[in-house]
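J.: The primary structure of each chain is shown beneath.
Number of protein chains: 2
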Amino acid sequence: MNKDKFQEYEKLYADALLNDSIPFCLKYAPDRACGGYFQCLDFDGSVVSTDKFMWSQNRVVWIFSMLYNNLERRPEWLEMAELGINFLKKYGRDENGDWYFALDRKGRPIVKAYNIFADFFAVMAFAEYARASGDRGCAEIALKTYERIQLRKDNPKGQFNKVIIENRNLKNLSFPMINLNVASIISGINNDTVYDEIITECVKEIMTKFLDEKHRVIRENIAVDDTTMDDIYEGRHVNPGHGIEAMWFVMQAAKQKDDWTTIYKACQAVKWLLEFGWDKEYGGIFYFLDLRGKPHIELCWDMKLEWVHVEALIATLMGFSLTGDPELFEWFEKIHNYTWQHFPDREYGEWYKYLNRRGEVNNRCKSNKWQNFFHLPRALYLISHLCKSLQNKGF
Amino acid sequence: MNKDKFQEYEKLYADALLNDSIPFCLKYAPDRACGGYFQCLDFDGSVVSTDKFMWSQNRVVWIFSMLYNNLERRPEWLEMAELGINFLKKYGRDENGDWYFALDRKGRPIVKAYNIFADFFAVMAFAEYARASGDRGCAEIALKTYERIQLRKDNPKGQFNKVIIENRNLKNLSFPMINLNVASIISGINNDTVYDEIITECVKEIMTKFLDEKHRVIRENIAVDDTTMDDIYEGRHVNPGHGIEAMWFVMQAAKQKDDWTTIYKACQAVKWLLEFGWDKEYGGIFYFLDLRGKPHIELCWDMKLEWVHVEALIATLMGFSLTGDPELFEWFEKIHNYTWQHFPDREYGEWYKYLNRRGEVNNRCKSNKWQNFFHLPRALYLISHLCKSLQNKGF
Chain A
1 MNKDKFQEYE
11 KLYADALLND
21 SIPFCLKYAP
31 DRACGGYFQC
41 LDFDGSVVST
51 DKFMWSQNRV
61 VWIFSMLYNN
71 LERRPEWLEM
81 AELGINFLKK
91 YGRDENGDWY
101 FALDRKGRPI
111 VKAYNIFADF
121 FAVMAFAEYA
131 RASGDRGCAE
141 IALKTYERIQ
151 LRKDNPKGQF
161 NKVIIENRNL
171 KNLSFPMINL
181 NVASIISGIN
191 NDTVYDEIIT
201 ECVKEIMTKF
211 LDEKHRVIRE
221 NIAVDDTTMD
231 DIYEGRHVNP
241 GHGIEAMWFV
251 MQAAKQKDDW
261 TTIYKACQAV
271 KWLLEFGWDK
281 EYGGIFYFLD
291 LRGKPHIELC
301 WDMKLEWVHV
311 EALIATLMGF
321 SLTGDPELFE
331 WFEKIHNYTW
341 QHFPDREYGE
351 WYKYLNRRGE
361 VNNRCKSNKW
371 QNFFHLPRAL
381 YLISHLCKSL
391 QNKGF
Chain B
1001 MNKDKFQEYE
1011 KLYADALLND
1021 SIPFCLKYAP
1031 DRACGGYFQC
1041 LDFDGSVVST
1051 DKFMWSQNRV
1061 VWIFSMLYNN
1071 LERRPEWLEM
1081 AELGINFLKK
1091 YGRDENGDWY
1101 FALDRKGRPI
1111 VKAYNIFADF
1121 FAVMAFAEYA
1131 RASGDRGCAE
1141 IALKTYERIQ
1151 LRKDNPKGQF
1161 NKVIIENRNL
1171 KNLSFPMINL
1181 NVASIISGIN
1191 NDTVYDEIIT
1201 ECVKEIMTKF
1211 LDEKHRVIRE
1221 NIAVDDTTMD
1231 DIYEGRHVNP
1241 GHGIEAMWFV
1251 MQAAKQKDDW
1261 TTIYKACQAV
1271 KWLLEFGWDK
1281 EYGGIFYFLD
1291 LRGKPHIELC
1301 WDMKLEWVHV
1311 EALIATLMGF
1321 SLTGDPELFE
1331 WFEKIHNYTW
1341 QHFPDREYGE
1351 WYKYLNRRGE
1361 VNNRCKSNKW
1371 QNFFHLPRAL
1381 YLISHLCKSL
1391 QNKGF
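Those protein sequence lines, which keep their order, are chains A and B.
Each residue of the first sequence is one higher than the last, beginning at 1 in this note's numbering.
Each residue of the second sequence is one higher than the last, beginning at 1001 in this note's numbering.
Treat the hints with caution; some may be incorrect.
What the hints assert, rightly or not - Straight line, CA to CA, 30 Å or less: simulated DSSO-like cross-link-like pairs of lysine-lysine: (1) Lys-153(A) x Lys-1090(B); (2) Lys-1112(B) x Lys-153(A); (3) Lys-1106(B) x Lys-89(A); (4) Lys-112(A) x Lys-1106(B); (5) Lys-162(A) x Lys-1265(B); (6) Lys-369(A) x Lys-1106(B); (7) Lys-157(A) x Lys-1162(B); (8) Lys-162(A) x Lys-1388(B); (9) Lys-1106(B) x Lys-90(A); (10) Lys-112(A) x Lys-1090(B); (11) Lys-1171(B) x Lys-369(A); (12) Lys-157(A) x Lys-1106(B); (13) Lys-1157(B) x Lys-106(A); (14) Lys-1112(B) x Lys-369(A); (15) Lys-209(A) x Lys-1294(B); (16) Lys-162(A) x Lys-1090(B); (17) Lys-153(A) x Lys-1294(B); (18) Lys-1294(B) x Lys-27(A); (19) Lys-112(A) x Lys-1257(B); (20) Lys-157(A) x Lys-209(A); (21) Lys-1294(B) x Lys-294(A).
Think of the hints as simulated: they come from the structure by calculation, not from any bench.
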C-alpha cells in the first residue's frame, strides 16, 4: 500500500515540476532582448520589476543546470541556463571579481557587492553549468569566486558592515549553512580534500553551536563574544524553515560519511522545529518566532511562506527515508496537505509564495526580488526522487 | 453642537495623553540603572530588548521636552527628558560627532553612524531640551549636529551607501520631510534666516516633485537621473501615512507664510492619499501600496499601523481647522472611529502599534526598535490642542 502511495506522490511532485513550475518559468522569465531573466513576476507572469538581482539570477541558472545534469538532458533547459550565464558572465561582477547585488535590466550595476550570498549562488550556478556544458571557463569563474569568498569570509560585508564587532559580535546560521551546501556542489568540479574539511567543519558548527538542544530549536544567531543573547531580538530569533533546511543539508553530508549519530540528531531537530513552529490555530509553519514567545521584531513573523513549507517537505521525507521514523512521515503528510491546499495557483499556474497567517494570499506575486525559481523546483525534484527510491524500501 | 463635539474630542485626546500614554512610558521606560530608556516594551510593559536606538531615544527626549515647553511645566517630564539627555550626551556620538545607530544597554556602541535620521532626531531632542532647561551646552550639541547633517546631506550614508548612483539615483521623501520639520524646531533656539530658506526649499521640493498630481499620490521616491520609475519597485512605492504626515508639516510651514495656495494643495493631497490608501474591505489605512496595483515588495504592505492612523488624524483635523473643508472632517471622524475601535489596549494601557489587515493585533508590543513614545503622544497633544482652538471657530 505504501508503495502505491509513494508512486502517487512521485507522480504528483514530478508533474508539478515538469508541467507547472518549469513551463511557467520558461514562458515568462527569459529576457530575450537584454539577457538574463525577469525575476519579479506577477500572478499571471507579467513583469513587476525589470531589475536583476545576482542572488536569484544565479539560482535560476543553478536549477536548470542541475535538472539537466541530474534529471534529463533537455536542450531547452541547458539553453535557459545559458541565457543567464552569458548575462552574468558579462555584467555580474565588479573589478575585484565580486558579485554585484543588483543590476538594472540592461546589466548596469545599481547595487554594489555587499552581499556574499550572491557570490555563493554564483559558485553553485557556474559549477553546475560547467558540469552541464563542459565549459571550462565557467568552472574557473566558480573556483575564482569561491576563492574570493574565502578571502572575504571573516568580514563578508566589508566596508558595508555597520556592526561594531568589539561590542556585538554575532554569527548567523546562513554562513555555515550555505558554505556546507556550496562546498558539496563545487567538489563536483574540483577534486580537492579541502571541501571535505569545510563540510565537516560546517556540520560541526551547526550541530554543536546553532542547534540548542536545551531549548529544542536551531538558533539563527549565536554570540562570538559574551553578549547576553536572551536580552536582544537577534539572540532569540528562530526561523523554523531556515533551520529545517539546514538539517537536510546536514543529513546529506552526514550520509556521505555514514555518520548516523548526526543523521538522527538532525531528524530530532527537524521534529523540534516543527513542534515549535507549527501554527496550532490556523495550520502551517510560522515564518519567524521568538524563542521566549516575546513579540518578534519582524512584522511578517506570522506569515506562511511557500519556501518554508517545501523545505520542510524535503527534510521530513529525507529524514524518513534515512531512518524510517514514522513521526517524520506523519509530519510530511501533514505539511503536504497544508501545502497543496494553499500554495498552488490552479488557474494561472505556479505557486503563490506568500500567505498571511490564515493561509490567504497576501501577495499575489509568483516571484520577486528575494524568491524566484529555486526552492520550489528544487523541492519538487528532490521529493519526487525520494519517493521513487522509497517505493523499493518496503517502509 | 459642534462646539460640544470638539470639547468632547479635546477631553478624550488629552485624557489619553495624560492618563494613559505618558503614565505607561513613565512607568516602564526609564532605565534608572544604566540611563536612557527601555524602548522595546511588551504589552504589559516588560522589556523585550535592552538595546538602545539613537533614533528613538532622542524622540522620547523631544516629546517630554516639547510637552514641558508647550503644555505644562511638570518637573517629572523635564526629569524624564534629562534621563535621556545625560545618557545620549555621554554615549550617543562617535568621534566625528555623528550619532550612532544603536548602543547596548550600558551605552557601548553596537551599530555605527550610518543613519542620518538619528542625527535629525538628536537635533530635535537637544534643541527642545535646551529650550526647556536653559542648558546652553545642549543647544550647542543641537547646532553642531545640524552642521554635520548639512555636510553629510549629499551622501548621508557615507561609506555604507551601497547604491551606484551613476546608474540609479533616487531621492526619498524622508529627507526633505524631516529637514523641514527640524529646521522649524531649531529656529526656536537660533534666530537665523537660513532655516527659513531651508523650509521654503523643502516645501517646494515636496509639493512640486514628490506630489504627483497626475496620479493623485505622493511618491516616496523620485528619480534624480532619467531612470524609468514605473518599471521598478521603488518607483511605484506609495506610503500613504508618510505622505499624509508630510502634508501637515507643509500646512504648518505654509501657514507661517500665509501661503494659502500651498495649504489647499496639501489638503487636496491628504484626501487623495486617503482615497487611495483606505482599505474598502476591512477599513483602516494600508501601510504600503503600489501605484499601479502590482504586488508590493514588502510583505507587511497590508497591515494597519498606529502611527499611520494618528498622523492621518492630525493632518485631516489640521486641514479642516485651516480650511473648514467638511470632507476633511468626515475623514477625521472615519479614521477616529477606526482608530479608537482598534488600537487602544484598555486592559494594560497604551496602544497597540501593529494590526493585521483585518484589524487584529499582529504584534502585541507597545514599543520596539522602530516605534516608541513619539507618534502617539505627539498626535494626542496636537489633536487636543486643535480641538480646543476649534471650539471657538464656529465651524
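J.: Run every hint past the structure and note whether it holds.
T.: Structure-based check of each hint:
1. Lys-153(A) x Lys-1090(B): Roughly 34 Å between the alpha carbons, so the hint for Lys-153(A) and Lys-1090(B) is violated.
2. Lys-1112(B) x Lys-153(A): holds (21 Å)
3. Lys-1106(B) x Lys-89(A): Distance of about 48 Å is beyond 30 Å: violated.
4. Lys-112(A) x Lys-1106(B): Distance of about 34 Å is beyond 30 Å: violated.
5. Lys-162(A) x Lys-1265(B): Roughly 40 Å between the alpha carbons, so the hint for Lys-162(A) and Lys-1265(B) is violated.
6. Lys-369(A) x Lys-1106(B): violated (38 Å)
7. Lys-157(A) x Lys-1162(B): Holds - the C-alpha atoms of Lys-1162(B) and Lys-157(A) are around 11 Å apart, at most 30 Å.
8. Lys-162(A) x Lys-1388(B): violated (46 Å)
9. Lys-1106(B) x Lys-90(A): violated (49 Å)
10. Lys-112(A) x Lys-1090(B): The given pair, whose Cα atoms are some 35 Å apart, is violated under the 30 Å limit.
11. Lys-1171(B) x Lys-369(A): holds (21 Å)
12. Lys-157(A) x Lys-1106(B): Distance of about 26 Å is within 30 Å: holds.
13. Lys-1157(B) x Lys-106(A): OK: Lys-1157(B) and Lys-106(A) at ~26 Å, within 30 Å.
14. Lys-1112(B) x Lys-369(A): holds (27 Å)
15. Lys-209(A) x Lys-1294(B): violated (42 Å)
16. Lys-162(A) x Lys-1090(B): Roughly 21 Å between the alpha carbons, so the hint for Lys-162(A) and Lys-1090(B) holds.
17. Lys-153(A) x Lys-1294(B): Violated - the C-alpha atoms of Lys-1294(B) and Lys-153(A) are around 38 Å apart, more than 30 Å.
18. Lys-1294(B) x Lys-27(A): holds (20 Å)
19. Lys-112(A) x Lys-1257(B): violated (44 Å)
20. Lys-157(A) x Lys-209(A): Satisfied, since the Cα-Cα distance of roughly 22 Å is no more than 30 Å.
21. Lys-1294(B) x Lys-294(A): Roughly 33 Å separates the two Cα atoms, so the pair is violated.
Against the hints set out earlier in the document, violations occur for numbers 1, 3, 4, 5, 6, 8, 9, 10, 15, 17, 19 and 21.
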